[in-house]
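S.K.: In order, the protein sequences belong to chains B and E. Reading the first sequence from the start, the letters are residues 60 to 331 in the numbering used here. Reading the second sequence from the start, the letters are residues 60 to 331 in the numbering used here.
Mixed in with the good hints, there may be bad ones.
As the list claims (entries may be wrong) - Calculated Cβ distances over 12 Å to all of chain E for the following chain B residues:
| id | residue |
| --- | --- |
| 1 | 166 |
| 2 | 202 |
| 3 | 297 |
| 4 | 305 |
Claimed, not checked - Going by beta-carbon spacing under 8 Å, a handful of chain E positions derived as facing chain B:
| id | residue |
| --- | --- |
| 5 | 100 |
| 6 | 101 |
| 7 | 209 |
| 8 | 210 |
| 9 | 224 |
| 10 | 227 |
| 11 | 292 |
| 12 | 295 |
| 13 | 305 |
| 14 | 327 |
| 15 | 330 |
Unchecked claim - Going by beta-carbon spacing under 7 Å, a handful of chain B positions derived as facing chain E:
| id | residue |
| --- | --- |
| 16 | 107 |
| 17 | 108 |
| 18 | 209 |
| 19 | 213 |
| 20 | 217 |
| 21 | 220 |
| 22 | 221 |
| 23 | 223 |
| 24 | 227 |
| 25 | 237 |
| 26 | 288 |
| 27 | 327 |
No wet-lab data here; the hints were simulated from the structure. The beta carbon of each residue, even a glycine, is placed where N, CA and C say it ideally should be.
2 protein chains.
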Amino acid sequence: MRQESHGPIGVFDSGVGGLTVLKALMERLPHESTLYLGDTARVPYGTKSGEVVTRYALKNASFLLERGIKLLVVACNTASAVALPALSAALRVPVVGVIAPGARAALRRTRGGGVGVIGTPGTIRSGAYQRELEVAAGSGGVRVKTRACPLFVPLAEEGWLAGEVPRLVAREYLEDFSRTGVDTLVLGCTHYPLLKEIIAEVVGPRVSLVDSAEATAEAVEELLSARGVLAPEGREPTHAWFVTDVPERFMEVGARFLGRPIPTAEQVDLSF
Amino acid sequence: MRQESHGPIGVFDSGVGGLTVLKALMERLPHESTLYLGDTARVPYGTKSGEVVTRYALKNASFLLERGIKLLVVACNTASAVALPALSAALRVPVVGVIAPGARAALRRTRGGGVGVIGTPGTIRSGAYQRELEVAAGSGGVRVKTRACPLFVPLAEEGWLAGEVPRLVAREYLEDFSRTGVDTLVLGCTHYPLLKEIIAEVVGPRVSLVDSAEATAEAVEELLSARGVLAPEGREPTHAWFVTDVPERFMEVGARFLGRPIPTAEQVDLSF
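For reference, chain B alone in the conformation it holds in the complex:
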């Protein structure tokens, strides 16, 4: 057990989006070391098939596993939606996705039982949020309305976060959410928190937004604590970042997502 509590937490995403989850983890669990992998050579996952995303997810996971992680966080909604069963079956460490924690957070938040979910085409097509919400709500019941918003990822990556273009795009995708009894909206893609202000403006003040990063960090803490492998307090944690394309843009754009500078990121080749 002692050795296990010293391993880092592994986190992967298709690119920079998962850094919002890493940020929540670093804030909630400041003694834990982390390894982050951004698969920037194959980004985005959200427009690709479940089959291809699962293949990439397994490669990412085995890269992190070789580096001694004690737990894997799939910090990408699309990969969580389609690859979690394959990852859990293949790995000898616990695997935490972002969808179950996000769904549970939405059910705690909703007053009227109307929950909206927005995400990439891959996430929405998978039906993973719908299933997770219905299972977790049980006999209490939940009405779920989902919508794929494919242009939000490029807008967030390009830093077009305010002004007429993102406002019009958000209106096109979200206008009818405020008319359908949805009082809680899950930001089912790690890029979307960057567009939070515009999204909130379009859906109106009666709709509460759920960002699954916080909820995921909470789930990780519970799991490590239950297994007795939380890092000892007072330990100086280490953090490392890996990417599959050249690191410059990841470090630059990623700092916006992480809320602090990324000191260095090492390029690795996972194509073989």
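With chain B's structure known, arrange chain E on it following the hints.
M.R.: Relative to the frame of chain B, chain E by itself:
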């Protein structure tokens, strides 16, 4: 020679965009057989580094080469911009990119010598159009103004081709082109012809748009003819499509780009 004239023309792109080039080839050279590869598992190339795009381009090329192509068309501006030297060095068949034909077409078209180029971040960052235009113009001289338009690819892929959103995005990117003495604008990405109407509206009637698909087909014809390996007239050509992700979306979106249905596309794995 006889055998060579029976091989198909190989064409690759990161996804569906290169189908605009294939369309021009099929119209200009109706007796030629073709093999098209869309690397949909790793699309897009335009936001990735030259290093990674070159690695992917070499894999795509060797897949097509194994199937007996007599000539390779790199129907992707980003790959043409960064990987053409590596491809030409590695392959035993002639390689034609879209940039040199597009640049030469622009020089024939311009009246005042002011040429604009729009493309992906990868294409623009490479400086390939600028170099090609300056070399081809020689002492005649040319003034080049370039601009990366990263949101045009997701807009075209999502089919948001008309209306307020693409108009606003185009204005943001292109407004100053009409004020800088540019009279000819190269659509330096195979996705952009789908947004031609909006682009034309924003840059105004005095700016002529150049789509390199036609010019590339012409270059291919010249090259095959000079080598004496044009397909014999009256031959019934065959056409085949390959993709690296599941074929459904490629066939659906691709028909818009090709201007006719894609009867079938075979999924192949190039990740090893």
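S.K.: None of the hints should be skipped; say for each whether it holds.
M.R.: Hint by hint, here is what the structure shows:
Once the 12 Å rule is applied to beta carbons, residue 166(B) is consistent with being away from chain E; the minimum gap is 31 Å. The Cβ of residue 202(B) sits about 27 Å from the closest Cβ of chain E, beyond the 12 Å cut-off, so the non-interface label holds. Chain E leaves residue 297(B) outside its interface by the beta-carbon criterion, the shortest separation being 27 Å against a cut-off of 12 Å. Distance check on residue 305(B): its Cβ comes as close as 4 Å (rounded) to a Cβ of chain E, failing to clear the 12 Å threshold; non-interface status is violated.
The closest approach between the C-beta of residue 100(E) and any C-beta of chain B is roughly 5 Å, which is under the 8 Å cut-off, so the hint is satisfied. With 8 Å as the threshold, the beta carbon of residue 101(E) comes within range of chain B, its nearest partner Cβ sitting at about 6 Å, so the hint holds. Interface restraint check: residue 209(E) against chain B, minimum CB-CB distance 6 Å, threshold 8 Å, status holds. Look at residue 210(E): its Cβ gets to within about 6 Å of chain B, closer than 8 Å, so that hint holds up.
Taking 8 Å as the C-beta contact cut-off toward chain B, the hint placing residue 224(E) at the interface holds, the least distance being around 5 Å. With a cut of 8 Å, the hint placing residue 227(E) at the interface with chain B holds, because the nearest CB-to-CB distance is about 5 Å. A least Cβ separation of about 41 Å between residue 292(E) and chain B goes past the 8 Å threshold, and the interface hint is therefore violated. Look at residue 295(E): its Cβ only gets to about 33 Å from chain B, farther than 8 Å, so that hint breaks.
Checking residue 305(E) against chain B: minimum C-beta separation of about 4 Å stays under 8 Å; hint holds. The interface hint given for residue 327(E) is broken, as the beta carbon of that residue sits about 12 Å from the closest beta carbon of chain B, more than 8 Å. For residue 330(E), the suggested interface contact is upheld, since its CB lies about 6 Å from the closest CB of chain B, less than 8 Å. At its closest, the beta carbon of residue 107(B) sits 5 Å from a beta carbon of chain E; the interface hint therefore holds under the 7 Å criterion.
Of the supplied interface hints, the one on residue 108(B) holds, with its beta-carbon coming within about 4 Å of a beta-carbon of chain E, less than 7 Å. Residue-level restraint check for residue 209(B) holds (minimum Cβ-Cβ distance to chain E is 6 Å; threshold 7 Å). Given the 7 Å rule on beta carbons, the hint for residue 213(B) holds: about 5 Å separates it from the nearest Cβ of chain E. With a least beta-carbon distance of about 6 Å to chain E, the hint placing residue 217(B) at the interface is held under the 7 Å criterion.
Look at residue 220(B): its Cβ only gets to about 13 Å from chain E, farther than 7 Å, so that hint breaks. Here the hint on residue 221(B) is broken, as its CB sits about 13 Å from the closest CB of chain E, past 7 Å. For residue 223(B), the interface hint holds, the least distance from its beta-carbon to any beta-carbon of chain E being 6 Å, beneath 7 Å. Taken as an interface hint, residue 227(B) checks out: its beta carbon lies about 5 Å from the nearest beta carbon of chain E, inside 7 Å.
Interface hint status for residue 237(B): violated, as the beta-carbon distance to the closest one in chain E is roughly 20 Å, over 7 Å. A cut of 7 Å between beta carbons decides the hint on residue 288(B): the least distance to chain E is about 34 Å, and the hint is violated. For the restraint placing residue 327(B) at the interface with chain E, the shortest Cβ-Cβ distance is roughly 12 Å, beyond the 7 Å limit, so the hint is violated.
Hint violations for this structure: numbers 4, 11, 12, 14, 21, 22, 25, 26 and 27, all remaining hints satisfied.
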